[in-house]
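Chains as they are written, first to last, in the numbering used here: chain A, 23 to 341; chain B, 67 to 406.
Please keep in mind that the hints were generated in silico from the structure rather than gathered at the bench.
Only a predicted model underlies this, so the values are computations on that prediction, with no experimental measurement involved.
Just so you know, not all the hints are guaranteed correct.
What the hints assert, rightly or not - Derived contacts from chain A toward chain B, CB cut-off under 8 Å, selection only:
id, residue
1, Thr-166
2, Thr-168
3, Gly-243
4, Ala-247
5, Arg-333
To be verified - Here are some chain B residues the structure puts well away from chain A; computed CB gaps all over 12 Å:
id, residue
6, Ser-96
7, Ser-156
8, Leu-168
9, Asp-220
10, Ala-328
11, Glu-402
For every residue, glycine included, the Cβ atom is placed at its ideal position computed from N, Cα and C.
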Amino acid sequence: MARMLAAWIGKRALGALLTVLAASILIYGSLRLVPGDPVLAVAGGRRLTPEQVEALRHSYGLDRGFAQGYLAWIGDALRLDLGTSLNYQTGVTSLITGRLGVSGLLILYSATLAIVFGSAVALVSAVKGGLVNRIATIAVAVTTATPSFVSAIGLLALFSVGLGWFPATGAGTGPADRLWHLTLPATAMAIVAFGVLARVGNAAFAEELGREHVEAARSRGASGAAVIRRHVVRNALAPMLTIVGLLFASLFVGTAVVETAFGLDGVGSLLVSSVSRRDFPVVQGIALIAVLLFVVVNTLVDLAMPFIDPRVTVGGLSR
Amino acid sequence: MLAKKTLARKEAPDGGAEDRRDALGVSRLSLAVGAGERAIPLLADVTVRVGRGETVGLVGESGSGKSLTARTALGMLPRGARATGSVTVSDVDVLSAGRKTLRDLRRTRASMIFQDPRASINPVRRIGDYLTEGLRARGVPARAAAERALDLLDQVGIRDPGSAVRRFPHEFSGGMLQRVVIAGALSTEPELLLADEPTTALDVTTQAEVIALLKNMQQVHGTGMLFVTHDLDLAAAICDRIYVMYAGRIVEESVSAALFTAPAHPYTRALLEASPSVHGDKVAIKAIKGRPRALAESPSGCSFRDRCPLAGDDCAASVPAHRPHGTSLVACLHPEQVTP
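The shape of chain A in the complex, shown without the other chains (with noise of 0.2 Å):
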């Protein structure tokens, strides 16, 4: 048994890895066949002579084949060096790794907000039906229809601007201060998240209070609190932790908006203007790492699949 659940942990993290090596290879080839010369835009328009241009070539690989520039690059990638920025001639790694921080907080921060509310929201109605379900349906249908610039814009003018209560721009500094100013940027995230986990959960719930064993549990006398927790919310965890793996991918993605609405020094932010000025090498360590959170996050998720779901088979054995 125990050997079984090695031998099926190894084969997820092997399939992991194969995606990511898929996903590296792309990153790399992509931006290799982007028109434009990111050696002419980090030039800045100014005029270079063809010894220059060459030495700036061989200094970013670009004057390599396919295949040794992207093992050159994967393999500085594995020793965690990301390159050198074009734009900020400084080491990607280090670019990266300290905006992390914040863009980390901010995504576990709306996260937190959309799977609260979400799940409250999906229960609620689910449970309550009738005119409860229905508004909350409305409401659902018109957070996931809103782009988060325009819930940034929204925010920002009613509780930035209007009655003032929290800062407009930046991090903060200290823990307190850090959270006050991420609160806004975190609820112009959460907004199209809560939406879709609102949408799931109450599908999910709606599913498991109809069946069969919801009522026999009622019929044993069970309150309708604990049929609610330990038969409707139970069985309805598997779907929603599923959507809340996929949920990271595009927070992180949302950052780019966020961020640069609300002057965030984060990654989202560093996209934004890296790719605006052709600045690929950190381009690519982000997109790497957007991956890398992507497949591990949903990883976790399969991995932790057989524990909620006892029917969910390991390696062909059930638990």
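Keeping the supplied structure of chain A fixed, place chain B upon it in accordance with the hints.
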């Protein structure tokens, strides 16, 4: 206990004589969803009685209201349903009972066994959790409840209860799982067992085992049982009395043995003719013409008259009252044409 049981068995169908000691007393129960003009009737004038330790069958086609009647005994009415009449489960007036009273009733006095054990046990929780849930809800300490669960599993013939309580429902066969459900239903030592087609989802040999277990457990605990089924033969084999339901009404009540030899209602006879027999000559199975009706779409007067070969103009006038014919109580104007 035994004396009381034989007494109950000998009793002729009584059309629901009030007895506060009965395990279940359903009297003139009508049920409808919605209100006013748009109300859809589901049950009309249903009277069912289950004495202590007695086994009573409730037989009818799909949609006749059998399960609904059984669920009403636990106060589990469809959303928005309004009930009139009375339903009592050993002294408790179910229809007027509040939430707490109903919960207590379900925890201590009446249990229900559902058709498909795979659907009626939460698939993601352990068998042990399933068995202890009702006991814990009653306030039994965790350790005592766990011991009781082992004991119950042993009683219903599950081998190695110690490992069974740690396993999940999908690791059991349907028959074994229904045994677990029976163990769960008996865990609270109820006075009334509502068995809603408990063997329909099982294969035939398993059916026999489960029925034998159910009867045995019922006798040991002295539990009254309402056995809901569409299988007349099965009902006749295990029940003391049988109620036949059609379109939300009881059309005939009879002592089990007499139902086969002397059916009084044309619908009962049609049901008997429609079921294949393994004994005797091969006779053609006669399907009942038309399709089963729900109460809301049944004709005026006798609900069965549009499918009844004996129906006359008089059948349309009003719903026939129950009257004795032979050993039956029957809601038909012409029972003598069914069995003289």
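Going down the list of hints, with the structure as the test:
1. Thr-166: Since chain B brings no Cβ nearer than about 29 Å to A/Thr-166, farther than 8 Å, the hint is violated.
2. Thr-168: Violated. Min distance 34 Å.
3. Gly-243: Constraint on A/Gly-243 satisfied, holds at 3 Å.
4. Ala-247: 11 Å, violated
5. Arg-333: 5 Å, holds
6. Ser-96: 22 Å, holds
7. Ser-156: Non-interface label stands for B/Ser-156: nearest chain A Cβ at 15 Å, farther than 12 Å.
8. Leu-168: The claim is violated: B/Leu-168 sits with its nearest Cβ about 8 Å from chain A, within 12 Å.
9. Asp-220: 21 Å, holds
10. Ala-328: 36 Å, holds
11. Glu-402: 42 Å, holds
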